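Asker: With the sequences and hints as input, model every part of the structure.
The opening position of the sequence shown corresponds to residue 1081 in my numbering, with each subsequent residue numbered one higher.
Quick caveat, the hints were computed from the structure, so don't treat them as lab data. Small disclaimer: the values here were computed from a predicted structure and weren't measured. Errors might be hidden in some of the hints.
Calculated lysine-lysine pairs in the DSS-like style (CA-CA distance at most 27 Å, straight line) [as the list claims (entries may be wrong)]: (1) Lys1174 <-> Lys1106; (2) Lys1131 <-> Lys1159; (3) Lys1159 <-> Lys1214; (4) Lys1117 <-> Lys1214; (5) Lys1174 <-> Lys1131; (6) Lys1106 <-> Lys1131; (7) Lys1159 <-> Lys1174; (8) Lys1106 <-> Lys1282; (9) Lys1174 <-> Lys1298; (10) Lys1174 <-> Lys1282; (11) Lys1117 <-> Lys1106; (12) Lys1282 <-> Lys1298; (13) Lys1106 <-> Lys1159; (14) Lys1106 <-> Lys1192; (15) Lys1131 <-> Lys1117.
Here are the computed distance ranges between Cβ atoms for each label pair [claimed, not checked]: (16) Gln1215 <-> Lys1131: 27 to 33 Å; (17) Lys1117 <-> Ala1184: 21 to 27 Å; (18) Gln1337 <-> Arg1206: 48 to 54 Å; (19) Glu1303 <-> Glu1154: 42 to 48 Å; (20) Glu1303 <-> Asp1133: 15 to 21 Å.
Backbone N, C-alpha and C fix where the C-beta goes; we use that ideal spot for every residue, glycine too.
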Amino acid sequence: MSAGNVCIVTGSATGIGAACAVELAKRGWRTVINFTKSEAEAQQTARECEKHDGETLLVRADVSQDADCRRMAEATLEKWGRIDGLINNAGTTKVVFNHSNLEALSAEDFQKIYSVNVIGAFQMIRAVEPAMRKQGAGSIVNISSRAGVDSTGTSIAYAASKGALNTMTMGLARALGPQIRVNAVCPGFVETRWLQEAIGPKYEQARARWSSNSALQKPSTPEDIADVALWLLTGAPTVTGELVLADGGNRLGAPPQSR
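Answerer: In structure tokens form, the structure reads like this:
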């Protein structure tokens, strides 16, 4: 894929999504910046993209609503006539760090989390698939989570949704080939406002614990995850159906000299 192509990034007002949008702009991509409530932050992300001469389109849309997903794809095609990439970054959770507290989660909690993290991602892929098929090529990256691999994270419901997203990534990679590639990035601890709000007052303690137990001895930044996502999106021509863990080597543990 070359400069001048078009990517939709869901949930791109802040955090990983915003970092993806800015990195795309640096590479000459035109980007749809999606938000549901954070309009001021989305506008700021657009301004950051424009500093790098990146064209943007702001679209308020709730990915849990199929009509919104289709409208976002249609708005993209009306403006630029093509869709080359999709980064499914929009996500939600309910914080229940004590996973043994089963009464803390309801069926409605699961449904709300799945409606964004799984169904929303599917609906966005379905909305862009016809344009990508018509072009004969396309690349999709789902922002998943380490929680979907080992059932850690903010709650059982969140981890289960990311596990479902991982399975869907592999299934759609098979179903949409050979024209369209589908991959996922599975971050660990990422320094975002979203995670700070989820963890609350114990954020710095959790950050230090994660770092000390990781091979690289540090958490990720949104830009770190954007680098991985954009490698899968714009490069890696023979990579599809892969789940790339980007956790700073936390799953490996600390290096010997720090133990």
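Asker: Look at each hint and say if it fits the structure.
Answerer: So, going through the hints one by one against the coordinates:
{"no.": "1", "hint": "Lys1174 <-> Lys1106", "verdict": "violated, 34 Å"}
{"no.": "2", "hint": "Lys1131 <-> Lys1159", "verdict": "holds, 20 Å"}
{"no.": "3", "hint": "Lys1159 <-> Lys1214", "verdict": "holds, 17 Å"}
{"no.": "4", "hint": "Lys1117 <-> Lys1214", "verdict": "violated, 33 Å"}
{"no.": "5", "hint": "Lys1174 <-> Lys1131", "verdict": "violated, 35 Å"}
{"no.": "6", "hint": "Lys1106 <-> Lys1131", "verdict": "holds, 9 Å"}
{"no.": "7", "hint": "Lys1159 <-> Lys1174", "verdict": "violated, 36 Å"}
{"no.": "8", "hint": "Lys1106 <-> Lys1282", "verdict": "violated, 35 Å"}
{"no.": "9", "hint": "Lys1174 <-> Lys1298", "verdict": "holds, 25 Å"}
{"no.": "10", "hint": "Lys1174 <-> Lys1282", "verdict": "holds, 17 Å"}
{"no.": "11", "hint": "Lys1117 <-> Lys1106", "verdict": "holds, 26 Å"}
{"no.": "12", "hint": "Lys1282 <-> Lys1298", "verdict": "holds, 17 Å"}
{"no.": "13", "hint": "Lys1106 <-> Lys1159", "verdict": "holds, 20 Å"}
{"no.": "14", "hint": "Lys1106 <-> Lys1192", "verdict": "violated, 34 Å"}
{"no.": "15", "hint": "Lys1131 <-> Lys1117", "verdict": "holds, 24 Å"}
{"no.": "16", "hint": "Gln1215 <-> Lys1131: 27 to 33 Å", "verdict": "holds, 29 Å"}
{"no.": "17", "hint": "Lys1117 <-> Ala1184: 21 to 27 Å", "verdict": "holds, 25 Å"}
{"no.": "18", "hint": "Gln1337 <-> Arg1206: 48 to 54 Å", "verdict": "holds, 49 Å"}
{"no.": "19", "hint": "Glu1303 <-> Glu1154: 42 to 48 Å", "verdict": "violated, 31 Å"}
{"no.": "20", "hint": "Glu1303 <-> Asp1133: 15 to 21 Å", "verdict": "holds, 19 Å"}
The structure fails to meet hints 1, 4, 5, 7, 8, 14 and 19 from the earlier list, while all remaining hints are met.
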